[in-house]
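Number of protein chains: 2
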Amino acid sequence: MVSRENPRPGGRSARVQASVHQAVHDMLVAMDRAEVTIPLIAQRANVTPSTIYRRWGDLQELLADVAASRLQPETEPAKTGSVRADLQAWTEQYADEMSSGAGRQMIRDILSVPDTANAEKCSGYTQQQLRVLIARAQERGEPFPTLTELMDYVISPIMYRILFEQPPNADCVRGLISRVMPEAVVKS
Amino acid sequence: MVSRENPRPGGRSARVQASVHQAVHDMLVAMDRAEVTIPLIAQRANVTPSTIYRRWGDLQELLADVAASRLQPETEPAKTGSVRADLQAWTEQYADEMSSGAGRQMIRDILSVPDTANAEKCSGYTQQQLRVLIARAQERGEPFPTLTELMDYVISPIMYRILFEQPPNADCVRGLISRVMPEAVVKS
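Chains C and R are the protein sequences, given in the same order.
Residue numbers for the first sequence follow the numbering used here, beginning at 1 and rising by one.
Residue numbers for the second sequence follow the numbering used here, beginning at 189 and rising by one.
It is possible that some hints are incorrect.
[What the hints assert, rightly or not] To spell it out: a stretch of chain R is covered by chain C in this simulated footprint if at least three of its residues, at any positions, have a beta carbon under 8 Å from a beta carbon of chain C; those stretches are: (1) 305-316; (2) 330-342; (3) 351-357.
[To be verified] Residues from chain C that face chain R, not an exhaustive set, calculated with beta carbons under 10 Å: (4) Y53; (5) I107; (6) T116; (7) F164.
[Said to hold, decoys possible] What follows is a set of in silico ranges between Cβ atoms, one per label pair, in the way DEER data are often shown: (8) D246(R) <-> P73(C): 27 to 37 Å; (9) R54(C) <-> L228(R): 28 to 38 Å; (10) E330(R) <-> A135(C): 21 to 31 Å.
These aren't lab readings, by the way, just hints derived from the structure by calculation.
C-beta atoms are modelled at their ideal positions from N, C-alpha and C, and glycine is treated no differently.
Extracted from the complex, chain C is given alone in its bound form:
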């Protein structure tokens, strides 16, 4: 398994990565993905093909790396009022994005290579967002599920449905969350 460290920001390696990722991104928007090749990406990113082969191995690995990067969250889950509502909103958005054509293609790219580093990165991003919500609930003293409960009983069933069945709708997501929410001990 090849695990690549994030390059030092601003260094040559980071610039190569940014320019290759941008080239792949632009080409996937503009052309059929069957036509995207490493020589074309190299030309557009202004690097040599061997730079790409040396760093990513092959096209599939590069596509998996680009897909994982695009799944990196840019903002924390929105604050809506209660943390339960934040979880609800964030999870519905997660399910929508992952179920979309672009989302499914990114998951396919990430899962289609034997190297699991990008898949683990993708799960790491999800856990990072859930940890923000858990910390928020602790601060406010709201009862909240654990990370394991959220990953096992909300995220996993959503991902299984997207990959092997039908994408879950908002009702389904709400149901998964309800079943994992601890009831407040004292109701006033």
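Following the hints, complete the assembly by docking chain R onto the known chain C.
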């Protein structure tokens, strides 16, 4: 989405399917998968390449179809004593098989195509086995989880771990099952 009916057993279509599947299976054992091509498969299966293109579209779709067929269970879950123990044994075997190199490759093949028919077939096989266990529990009057509980809280977390994290070990599988088992109402 292309959904293909199972061909009539013994008919020409079924014979073509069996011979092409067998050829793919043998070639995947004997050679590097990067060297497996439709013309070579056609030659080995004694059909024309156009027969394969017409029926499966492309190599990825054919590999997904072969992988899904190989996941079709040949026997019912073994009877071990209690249905809970049957579930335990079957689920551990499921997790082991899916986590193995061959299992992961089959899942990759199934998920790497945009057509979701084979992924749904794969989920259908899992549900079929779980239904056998549910019926067995009903017959014996043993308390047992529902199909939805088993799919959401046992199968989905196992598959998520295999795809995005680390394959679950036997303890992890046991934990997932424990948390979903209804306690017997009357303890004597």
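Quick rundown of the hints versus the structure:
Interface restraint, the region 305-316 of chain R with chain C: holds (4 residues with C-beta to C-beta distance below 8 Å; minimum three). By the rule of at least three residues with a Cβ nearer than 8 Å to a Cβ of chain C, the coverage given for the region 330-342 of chain R holds, with 3 such residues. Chain C is given as covering the region 351-357 of chain R, and this holds because 3 residues of the stretch bring a CB closer than 8 Å to a CB of that chain, at least three being needed. Taken as an interface hint, Y53(C) does not check out: its beta carbon lies about 15 Å from the nearest beta carbon of chain R, beyond 10 Å.
At its closest, the beta carbon of I107(C) sits 8 Å from a beta carbon of chain R; the interface hint therefore holds under the 10 Å criterion. Interface restraint check: T116(C) against chain R, minimum CB-CB distance 8 Å, threshold 10 Å, status holds. Annotation: F164(C) was flagged as interfacial toward chain R, and the flag holds, the nearest CB pair being 4 Å apart, inside 10 Å. For D246(R) and P73(C), the Cβ-Cβ distance of about 34 Å falls inside the hinted range of 27 to 37 Å, so the restraint holds.
A C-beta distance of roughly 31 Å is found between R54(C) and L228(R), which places it inside the suggested range of 28 to 38 Å. For the pair E330(R) and A135(C), the supplied restraint of 21 to 31 Å is violated, since their beta-carbon distance comes to about 41 Å.
Hint violations for this structure: numbers 4, 10, all remaining hints satisfied.
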